[in-house]
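Novice: Those sequence lines, one after another, are chains D, F, L, V and B. Each residue of the first sequence is one higher than the last, beginning at 74 in our numbering. Each residue of the second sequence is one higher than the last, beginning at 74 in our numbering. Each residue of the third sequence is one higher than the last, beginning at 858 in our numbering. Each residue of the fourth sequence is one higher than the last, beginning at 78 in our numbering. Each residue of the fifth sequence is one higher than the last, beginning at 78 in our numbering.
Be aware that one or more of the hints could be misleading.
Listed next, the in silico BS3-like pairs over lysine-lysine satisfying Cα-Cα at most 27 Å (straight line) [stated by the list, open to error]:
1) Lys-327/D <-> Lys-157/F
2) Lys-157/F <-> Lys-157/D
3) Lys-1093/L <-> Lys-186/D
4) Lys-943/L <-> Lys-1093/L
5) Lys-129/D <-> Lys-327/D
6) Lys-327/F <-> Lys-157/F
Computed, partial: chain B to chain F, Cβ under 8 Å [claimed, not checked]:
7) Ala-125
8) Ala-274
9) Ser-343
What the hints contain is simulated information worked out from the structure, not anything from laboratory work. Where is the CB? At the ideal position from N, CA and C, for every residue including glycine.
For reference, the chains in residue letters:
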Amino acid sequence: MNRRGPFAVLLVAALAVTLAFLILPIVAIFADTPPGDLIDSLGSDASRDALWLSLKTTLAALIVIVVVGTPAAYLLATREFRGKSVVVTAIELPLVLPPAVAGIGLLAAFGPKGIFGSALADAGIELVLETAGVIVALTFVAAPFYLRQAQAAFAAVDPDLLAAARTLGAGEPRAFWRVAIPCAGAGISTGMALAWGRALGEFGATLMFAGSFQGITQTAPLAIFASFSTDFPAALALSAVLVAISAALLLAVKLLGRSPLLGGVQA
Amino acid sequence: MNRRGPFAVLLVAALAVTLAFLILPIVAIFADTPPGDLIDSLGSDASRDALWLSLKTTLAALIVIVVVGTPAAYLLATREFRGKSVVVTAIELPLVLPPAVAGIGLLAAFGPKGIFGSALADAGIELVLETAGVIVALTFVAAPFYLRQAQAAFAAVDPDLLAAARTLGAGEPRAFWRVAIPCAGAGISTGMALAWGRALGEFGATLMFAGSFQGITQTAPLAIFASFSTDFPAALALSAVLVAISAALLLAVKLLGRSPLLGGVQA
Amino acid sequence: GDDSDDTSTEAGSTTAAGGELVVSAAASLEPAFTAYAEAAGIDAKQSFAGSDDLAAQIRQGVTPDVYAAANTSLPDDLYADGLVSKPVVFATNTLVLAVPDGSQIDSLDDLTGDVTLAIGDEGVPVGDYTREILGELPKEEPEAILDNVSSLEPDVAGIVGKLTQGAVDAGFVYVTDVVATDGALTAIDLPADLQPDVAYGVAVVDGAENPEGAQSFIDGLLEGEGADALADAGFKPPPPN
Amino acid sequence: MSSGLEARFAAGLREFELELELAVEPGTCLALVGPSGAGKSTALRVIAGLHRPDSGSVALGERPWLDRERGVDLPPERRDCGYLFQDYALFPHLSAWRNVAFGLKEVPRRERRERATAVLSRFGAGELADAPPRELSGGERQRVALARALARDPALLMLDEPLSALDSTTAAAAGRELATTLAAAEGPAILVTHDFADAALLADRIAVIDRGRVIQSGSAAELSAQPGSAFVADFTGAAVLFGTARATASGTTVVALDGGGEVRSSDPAEGEVGVAVYPWEITLEPPGTEAHGSALNRIEARVTSVTEVGSRARIGLLAGQPLVAEITGESLARLGLAPGVGVVATWKATATRLVAR
Amino acid sequence: MSSGLEARFAAGLREFELELELAVEPGTCLALVGPSGAGKSTALRVIAGLHRPDSGSVALGERPWLDRERGVDLPPERRDCGYLFQDYALFPHLSAWRNVAFGLKEVPRRERRERATAVLSRFGAGELADAPPRELSGGERQRVALARALARDPALLMLDEPLSALDSTTAAAAGRELATTLAAAEGPAILVTHDFADAALLADRIAVIDRGRVIQSGSAAELSAQPGSAFVADFTGAAVLFGTARATASGTTVVALDGGGEVRSSDPAEGEVGVAVYPWEITLEPPGTEAHGSALNRIEARVTSVTEVGSRARIGLLAGQPLVAEITGESLARLGLAPGVGVVATWKATATRLVAR
Ligand SMILES: Nc1ncnc2c1ncn2[C@@H]1O[C@H](COP(=O)(O)OP(=O)(O)OP(=O)(O)O)[C@@H](O)[C@H]1O
Ligand SMILES: Nc1ncnc2c1ncn2[C@@H]1O[C@H](COP(=O)(O)OP(=O)(O)OP(=O)(O)O)[C@@H](O)[C@H]1O
Ligand SMILES: [Mg+2]
Ligand SMILES: [Mg+2]
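Could you put together the complete structure from these sequences and hints?
Specialist: What follows is the structure, encoded as structure tokens:
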């Protein structure tokens, strides 16, 4: 049913406009950056440390988000309870915090003087100005995107499929794992991509909560910001590299998304 | 099937942890802010202008995103074509740009010296340092969230429903409008909430592309940041107000989400 | 249970105590401070951000050993609030009028014409200095210039970014920032009589885990490798008092 | 050892209250039949633990599955019943054989595929093992779902319309397989069907539900011998006419048909009734042939349809109300029946069952 | 004016190639029957424009809908056919009546609800008008979907198993409504069904598909008189035994049954065949009674099931292969038949059709 028609044209037009608008600024950055600089920016350890740290921390954050967030989203999708929309709204609130404010909030909550500060200190957990702190900040900023996306995906799964799994002797955990997750797979992997991308670009909250120590808390966006005021071209180059790398990784996620676990059919 | 069991407990635990983690920093901000300040911060016109501008611009951006993005997402969800995953990845890329870099990218694309700069200038369109620029910046950073979420939602709609609509004489536009959108309603409204929230918290790109000028381009996050160095408590107070207002609005969206158009059943 | 906790606390503390030094410094100091740390072989964890971001952190209980700002007002405020020791000025910078390479503008007077400016917001060091200069100018000029201001930036990066992308025609930044753009921007020196003293203040943070290290680091800034590194980066020494 | 099912519960539905009391002996099969929307599927969902009734209890032998009073309510997975959903509910992300294997947890991994395919093959779906549900035809889906429900021979078997999407041949074959399975099964089984032949073949007892209540139950023979209602009569294959009955001195009951005309029955009855007669009890005569005694019912009718099957023909009639007669090929030829032709339908008063509407 | 449907196309499916050539006169109804997975639904999807064939053409009268050669391919919405999906495809977000009203674009808004409810009521679903699909029973959904397909009397009507989920009574009522609609319809109609009675009642011609090809077509009477294959025979209600035929001097054909035993037929045939006999042609006798002439087929069998219906009984037999006989209540009593009892099944050689397997 892929016939051409005014509507199909309209769809294509919409996609073209969207794509152009979203891609152009990125292209522009590459255009502004002589290829040489790309290589150079990979040459400096500051950059390499930053990229490497970004990968590690965003991955860690993503894992935390998925491990804790998936059951939470499943619960929100499958259970009805009073005040549910309040809970859901609460989950969305971190989105509207300007990054720096989010950082302040994290400090006020988990910082040395924060509500939980002493508790964490007693437990010997150091977050502020530590890599762990970066992961906390990224998790805080990116989690809402995954949670809501996963919730929507789970909600779209036909309840009778879960019921069928149960009658076939699968406890809810197995039904969740073997039916709900694969059936919501496409949506879930989308949520992962969104959350990961968001975390990778995070700047303000990390800077405020974890500082910007090369190799410890200076993620790529922080390194970029740092060199803004010291070596502007290098900043752009590093950004370009960041984009290139994440493009590659996101494409990989897509291919993973085709795998049986996430969306495909298991023969 | 809402029976208590170890798994149910685990789900509840996961949600509780998630909620606590996401809510605590926000609570902390309120805790740090004497109620009086909240009122005061609403007293200053700088704050009122900023909040008002934020509402206007985020709403405008959301409208642009939904109007152009929905058909684009529908196309991505219903058509298969080579290089599709590349296109989808391209849509996700803006996520990974650190905000300031996104701003630079926008300048390099649509700024006076930008690729499109002269074209826009000839068309008499001024974006940079104008309110319109804010909308562009917000659209750029928020669009990917809506697009991907909407795409996932459309993809989850049973194709036979669209087929049925077609056999009942509905052209693809009507099938899209009367069947695809309502059936994807829940997912779409989630996407709107995510994109709107993201836009509301946006800081870096707006600052870089549109600057920060009270009443014209100084959105709430910019105003907050501006008063950071001059009047820290006021900054926190304004953040708290921002959170409170958006919480109210997001709740409203939820209730809207129950309406027939988005997810409910039309009796 | 217990012992694992202990070891982790051990680990936590050793990283900070073992002679290591934690420095929070204004973004514009990055090249100078990194060079300094290398030259002097100081094992320093350095975090560079906006002076006010770092101040906000300290207010929230974050305790680096050293706090170095791009002005003196922020350290003074923290000192007044008993969060840092008495600040000392360790360097000065020069405010310049920055314009994109090849711009027509070559003096303050051109700013009253049909041009757009980006300047630092009030409360932001660069913004306050800019206002100081404009204050010195003859009567009507300041208004004329301020009327051309189309963006009040919370940090220097915002101004630099807009200048390099041609979003504005001119802006007031530090000479060090112009140097950093690799020729994308040109600095127009301001009349010496207008030049504000852009002093950089540094202080030991109260509750620092390594106060001795902090003090010696600061001393190094005033004379020795630190001072040299600052000079190389285009900073001027503190005014003799 | 194995044990029977005892279920009694009440659950509110949109139009009416579902109030059932069902008992199924171990090793036997109960057929649930009834009009569309009577509550059959809901009953199965309650027993499977997918729909919680307002009150009542469900127990398999000694083992209580549900007891609202005592607060017992086992989750579906602990009730061990194989349930064929009316709309299949196949897992879209699993191939046919994986769907079937889903329930085979205790079978060693290596053997699962084999086992699953074996069950599929019994229902002629062996070569579909690797196909994803979305690429299966309606009947193929139904057979995969059936195989999935049977594969892990559960303590209780519940099949909601297992053969409804199958053509006669496939259905017959599947039906025989099902019969063997049911015969072999030690536990009780419940079968929802709208086909009397299936019910008679597969089930030991038939319970007829209407608007949430059991209105009659018994063996196929009992139901067809003494249909308790028009629905049951129709279900067993009788043609049903509606009318109003009054007793006569002679002891026979006279029924004034709604569409006009009168018939007599040996059954006693008063007021509104259904008149049930099996099509093969009816003989057709040319119009105007005179009556041979009042023992015979005679009503004028018009032929609406003629369907020849082998040496026999089913004749659709309109006698104020629709009616069906089954006659031999010879009499069809003799009477020269065709749509529009007028005839007289006659049958014995003793072959005339009077049933509640 | 209205015009007939001409369709001929080829489309590859998993197991085989669907190669059909169908022609349906205006105002007539064609029944598509065939084994599960034969390609019936796919055929409808091709005609409706939901599945693009590899080659071929579809035209309604002068109007080409599809012509791969000439590159014509109208989108579904411009083909104006009412299509009942086998699995209903009801819009989950619309109540029953809105589902039906969806197709009523040209009806003025105010009247839509009324119109939709009217159609629903014709199929006994009037009071479900406001219910969302998820709250409907299987049969209720089917009737809503049927109403939706009929509501906007389309140029071509295509119904995929319209009555499969309905009990006999509801199905009969719905069937009559459907018959009226089809009779009134000016355009052609295609009906997929697995019920011979439905096909005979509703359709003017029946086309039997197997593995993607039409293997026989004709009226119900023709099919039952001369079944072209075992499937057709079975479909028309005959019992089918398999065996190998050889001609004899006497001109009659002798078939050695796979399960053992021998039967004779007046039909000529060689090699592997199906032996079709209608259950009511078979009479049962106690074992050991001697033959009266070779004109009669006799095979030993064991009773597997007994189903009494009214004054009649269907006897399931096993004579190496399953077989069904239909006898009178009297003979049932006389022979004292019960599962396990041995009998001799006899029927006339002339009543024995030989069909392709
Ligand atoms: N979720 C629900 N909420 C309210 N009413 C419902 C719900 N599900 C079903 N019903 C109603 O309950 C009645 C019984 O439904 P059920 O599915 O048990 O019927 P059924 O006997 O299975 O019919 P069928 O033979 O058509 O499948 C129907 O009238 C239906 O409309
Ligand atoms: N999307 C598909 N891809 C490949 N094969 C398919 C697809 N859909 C159906 N088939 C196969 O094509 C054959 C015909 O399917 P179809 O649905 O037309 O059968 P049908 O005649 O409608 O059967 P039923 O009576 O069971 O509904 C089946 O063997 C089925 O497995
Ligand atoms: Mg049902
Ligand atoms: Mg089909």
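Novice: When the hints from earlier in the document are held up against this structure, which numbers fail?
Specialist: 2, 3, 6, 8, 9
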